[in-house]
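Visitor: Okay, here's what each chain looks like letter by letter:
2 protein chains.
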Amino acid sequence: MHFLAAGPVGEVIPGLLSLGQLLASLVIIYIASKVGGELALRLKQPTVLGELVAGLAVGVSGLRWIDPSQPVLLLLAQVGVTLLLFEIGLESDLRGLLKVGKQSLAVGLVGMVVPFGLGYLVMQSVGTTSLVAIFVGAAMTATSIGITAKVLSDLGYLTRDEGKIILGAAVLDDILGVVVLSVVSSIAGGASLELGSVLWIVGTSLGFLIGAIVLGNLALPLFLRVVLILRTRGELLTAALIFAFALAYLAEQLGSAAIIGAFAAGLVLAESDRRHDIEKQLRPVTDFFLPIFFITVGAGVDLALLQNPQALGLALALTVAAVVGKLFCGYAAVGTRANRLAIGAGMVPRGEVGLVFASVGLTSGVLNGVNHTALIIMVLLTTFLGPLLLNWILKKEPA
Amino acid sequence: MHFLAAGPVGEVIPGLLSLGQLLASLVIIYIASKVGGELALRLKQPTVLGELVAGLAVGVSGLRWIDPSQPVLLLLAQVGVTLLLFEIGLESDLRGLLKVGKQSLAVGLVGMVVPFGLGYLVMQSVGTTSLVAIFVGAAMTATSIGITAKVLSDLGYLTRDEGKIILGAAVLDDILGVVVLSVVSSIAGGASLELGSVLWIVGTSLGFLIGAIVLGNLALPLFLRVVLILRTRGELLTAALIFAFALAYLAEQLGSAAIIGAFAAGLVLAESDRRHDIEKQLRPVTDFFLPIFFITVGAGVDLALLQNPQALGLALALTVAAVVGKLFCGYAAVGTRANRLAIGAGMVPRGEVGLVFASVGLTSGVLNGVNHTALIIMVLLTTFLGPLLLNWILKKEPA
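Residue numbers (numbering that gives the first Met the number 0), protein chains in the order written: chain A, 0 to 398; chain B, 0 to 398.
Read the hints as simulated data drawn from the structure, not as lab findings.
Everything numeric in this text was worked out from a predicted model, so none of it was measured.
Some clues are possibly wrong.
Since copy identity is lost for identical chains, a pair holds within one copy or between any two.
As the list claims (entries may be wrong) - Within a straight-line C-alpha distance of at most 20 Å, the following computed EDC-like cross-link-like pairs (lysine to aspartate or glutamate) qualify:
1) Lys-43 x Glu-234
2) Lys-101 x Asp-272
3) Lys-279 x Glu-234
4) Lys-43 x Asp-160
5) Lys-279 x Asp-301
6) Lys-101 x Asp-301
7) Lys-279 x Asp-92
8) Lys-98 x Asp-301
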């Protein structure tokens, strides 16, 4: 809070930024985000990785220009994640998953179960509670559809068998991932660990997701008719935001997570012929909010915790479990001539989805600083190693 | 706070919204904004008018679903105004003003001086302090370039002499308006009313504006070269936001207003060949934030204050002064065969610029509820009467 505290405070409520402080924070966040992202791109790495490292540089482990516990920044970061999940939903394709079929399903499921089990075992071996072990295991199940799709596209593999299977499995992991996050969030929020209650949350989350998609699809023609009637500026984007935020709010009120609602809204609107128009107008808004998320997440990593040999060891053990677990799942793709090790490598990056888990774990109080930092390092390393491995396996330089 | 208070509060800091509460507020704001805007359009009125009335309906004088004093909403509304002024700057053209020449200059200046004088006299006649009279007079000088340009375009008058002169004068009023706002804000913030201090603020504001434009133009080639180097997503918008927010922050730190910096940034970037690309990507972001401003402003209007005959009388007296003052300025356009009454009518809408004045006046404590409400009603009525008058004078139905 170093830099920001230098700004005018005036009549501002404690914990709330003034306009000047917010603008200064945004300038720092955008510059860090671009410097980090562009450097990563030049080093042929995912831009998310660069943004996280840049966040680290301006956060508690570096210059301390961004306070990652600032409530307004955290709120805007949450809006960013909600918009990201809405956009991922818009880019997802339920029918695409059905077409790539059995292989994607097998890779996706094995790619969740095995990393969950390995993560759970690692945490149990260091003597944490079951709740922490479940949370960390759940965070290991994530696959970053954004990073994975970007890497495949950079390598020119999006239209090949490996690419299709990875994308299908990543879509499945995305859908199940938000359900898993909802389950562990509810558990972390105090819900009992009894099987009945877990099944209830799974049922609610899946029920909400399916219900929202079914009802949303029924409401879609009405939505499109209303949009056609509207003639004021920004009519399509505003209508899409109403749709997404209303579902996100409803999901949260029903005990699920806001991001599930936003994701469901995206999946529904992905079926409309205005999908690409919505995506195009949504992108600048996501570009406004999302860097706040990546930078504040990076800014929250406290590297001093790694002086603790236990935290460093844990981070490395989790990373090995995370990589091995996902590499293994490639071999679930039976009945294809695609390179199965490459499929596994494509599933390795945890990216933004893993970060959502880590951040929910920290704010809900389930994860302590050591566990949270180990998880973030695991996300950083898998996000870094995934493209490296994929590139190495396919023996081809990224375009 | 009725509706919002029903949401989950949890570990949220007092005064700060939870994600669910923010999403619910945004849904209400967007629905109100669209319903109001679309109804206004159908009634052939400016959409801003409809949004204000809709804000009134969901605010303290109506359903009380939106709390206009919620700090996070106010902060996001301020971001919206900053983005609006950036966009207005991008749409403005300094050279365009120079071309339409003397007439625009005369109309613009007379259109500021006469309404200021009339507003000052009205307030003095009801016995307010000089500070309040100056503030209200200053609010009367505004011209809404957005509403005016939209109305002219709707009537097909943008390319005719009347349209060019009005636009030029409105651009001038926009530039001088933010300087005037900066002056009265500083005075309201406790700066002395002595001539020396007023001149100092005028000098600082004008100096900053000119300096920012000159230095900005020098930095423009560098900015464009940096943007060309960037290859990550959203590179143009993020770079433009860094430019705008940095200038806005700088303006505020130098004792001027954030909106002056944003406006200067827009004027500078308007000179670049990427102007239209920036505008296109900025629009969805403005569309996200700006309704928060219009709806919270409308929501803050307390109609109960009009039961006070003094407030109602004041609102009507200010409206007459505002309309007469601007109609008069059309006659300053000597040496043209354009319809001078139409030019004056085109200058009548105060719109968003007038609302910024009213809102600064309220938050700085200069305006009490009665004066603030009278000013808002004046803005509403002029925004409503301007297009009506223009239409009536040009004896032509809006397209």
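Visitor: Flag every earlier hint the structure violates by its number, smallest first.
Guide: 2, 4, 5, 6 and 8
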